[in-house]
Amino acid sequence: MGRKVETFAPRDPKHARMYVCGPTVYSFAHIGNARPAVVFDVLARVLRRQVAQLTYARNITDVDDKIIASAAVQGVTCDEIAARFTEAYHTDLSALGVVPPDIEPHATAHIGPMISMIEELIDKGRAYEAEGHVLYHIPSFADYGKLSGANPDEMLSGARVEVAPFKRDPRDFVLWKPSSAEQPGWESPWGFGRPGWHIECSAMIRTHLGDQIDIHGGGIDLRFPHHENEIAQGTDARFWVHNGHVTVSGAKMSKSLGNILLVRDLLKDTPGEAIRYALLSAHYRQPLDWTPEAARAARAALDRLYGALRDQPDAEPNPKDMEPVFAALDDDLNTPAALAALHELAGQVHSNPDPVRKMEIAASLREAGALVGILQQDATAWAQAGAGEIAQIEALVSERAEARANRDWAHADALRDELLVLGIEVEDVGGESRWRVRA
Numbered sequence: 001m002g003r004k005v006e007t008f009a010p011r012d013p014k015h016a017r018m019y020v021c022g023p024t025v026y027s028f029a030h031i032g033n034a035r036p037a038v039v040f041d042v043l044a045r046v047l048r049r050q051v052a053q054l055t056y057a058r059n060i061t062d063v064d065d066k067i068i069a070s071a072a073v074q075g076v077t078c079d080e081i082a083a084r085f086t087e088a089y090h091t092d093l094s095a096l097g098v099v100p101p102d103i104e105p106h107a108t109a110h111i112g113p114m115i116s117m118i119e120e121l122i123d124k125g126r127a128y129e130a131e132g133h134v135l136y137h138i139p140s141f142a143d144y145g146k147l148s149g150a151n152p153d154e155m156l157s158g159a160r161v162e163v164a165p166f167k168r169d170p171r172d173f174v175l176w177k178p179s180s181a182e183q184p185g186w187e188s189p190w191g192f193g194r195p196g197w198h199i200e201c202s203a204m205i206r207t208h209l210g211d212q213i214d215i216h217g218g219g220i221d222l223r224f225p226h227h228e229n230e231i232a233q234g235t236d237a238r239f240w241v242h243n244g245h246v247t248v249s250g251a252k253m254s255k256s257l258g259n260i261l262l263v264r265d266l267l268k269d270t271p272g273e274a275i276r277y278a279l280l281s282a283h284y285r286q287p288l289d290w291t292p293e294a295a296r297a298a299r300a301a302l303d304r305l306y307g308a309l310r311d312q313p314d315a316e317p318n319p320k321d322m323e324p325v326f327a328a329l330d331d332d333l334n335t336p337a338a339l340a341a342l343h344e345l346a347g348q349v350h351s352n353p354d355p356v357r358k359m360e361i362a363a364s365l366r367e368a369g370a371l372v373g374i375l376q377q378d379a380t381a382w383a384q385a386g387a388g389e390i391a392q393i394e395a396l397v398s399e400r401a402e403a404r405a406n407r408d409w410a411h412a413d414a415l416r417d418e419l420l421v422l423g424i425e426v427e428d429v430g431g432e433s434r435w436r437v438r439a
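Going by my numbering, the sequence shown opens with residue 1, and the numbers climb by one from there.
Treat the hints with care, as some may be off.
Said to hold, decoys possible - Derived lysine-lysine pairs resembling BS3-like cross-links, with alpha carbons at most 25 Å apart:
| no. | residue 1 | residue 2 |
| --- | --- | --- |
| 1 | 320 | 358 |
| 2 | 66 | 124 |
| 3 | 146 | 167 |
| 4 | 66 | 177 |
| 5 | 14 | 66 |
| 6 | 124 | 146 |
| 7 | 4 | 124 |
| 8 | 167 | 177 |
Derived from the structure by calculation, the hints contain no laboratory data.
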């Protein structure tokens, strides 16, 4: 809210409370959905090191027009769609090393609290009923726009609103809307219907974390109107934390461009830990551009870090070794600096001549890596997993060399293209073919 870095201290010195907007479960998670899950997983790990107790809640939106539409297309119930994609979301996040939150409230389990909150807003003169709908009246809240800094014109163009004749102000947003007999709905003082998206989070926060929380997180796309609307409804958070957009090779993800990258598809070619590393390679507040090269670079970086852990027996970590990593994460969750500090530790493992000290630094590297959710696998197993890829590359390079020797240029060129898809460049020098990872 203050647009500056401030020292974090929870309202209750012994108990921090954090809420992050989770997915609307109508489809598989894409790489943009994965970024906040990974970012706030790291933030939760950092907070748990600093406070006696953290309660971290991340919701599931399981009633929404997109879910209704998906169910209609697939000829199943909304509950089936929500259950299927909630399970898929959990599976995909687990592959990225994301630890489940302490609380995962589902919107459909909180209809009663939502109705109660809507009734309170009506009583305060902040909301009104019109033609089976209940709408929040934005002019009734003087501080509206304080979080996003949006002016009235931007609010009109940026808010996802339906301009209906029964609205007192075009910016007013829906708290409750009617449902048909075929749509999910619940009985309410305003008839059979379902909640608007914004009231869901406010009600779940109040139910599980209370009237005041310390941190509210989510993607930058939620800052307006979703989080702005939550504030208007009464959500009180001391810190609002937003991660930047994810683009794909410089372009915004969209169905029209056909560049929506699903996590489960990326996992077919890239280890989950490498996807996680790539998502943390940029500062959380900055945009992140996902490219095949970035994924390969993340894998190569993890190869170097795990290489420092190979053949190192267990030992006690040294807190002093880990201080640069802690300092980076304590500075507005600067994960790029934290990763750089981990690589510095890896270099010290290789360069230190003292075997005992080498073991200690390696233990510190692994312990510090846990804070960002990496380096917890067996180092030898990680190397062996990559060995299969190397064997595939070398087999293709050898086959290409044979094709060149037989002057089968078309086949050689096809194999070169196949290697390029894998991110490998081949250089022919003095009758030999040498390969390297494409920069």
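Hint check against the structure, violated hint numbers in rising order: Going through the list in order, the structure violates hints 2, 5 and 7 and respects the others.
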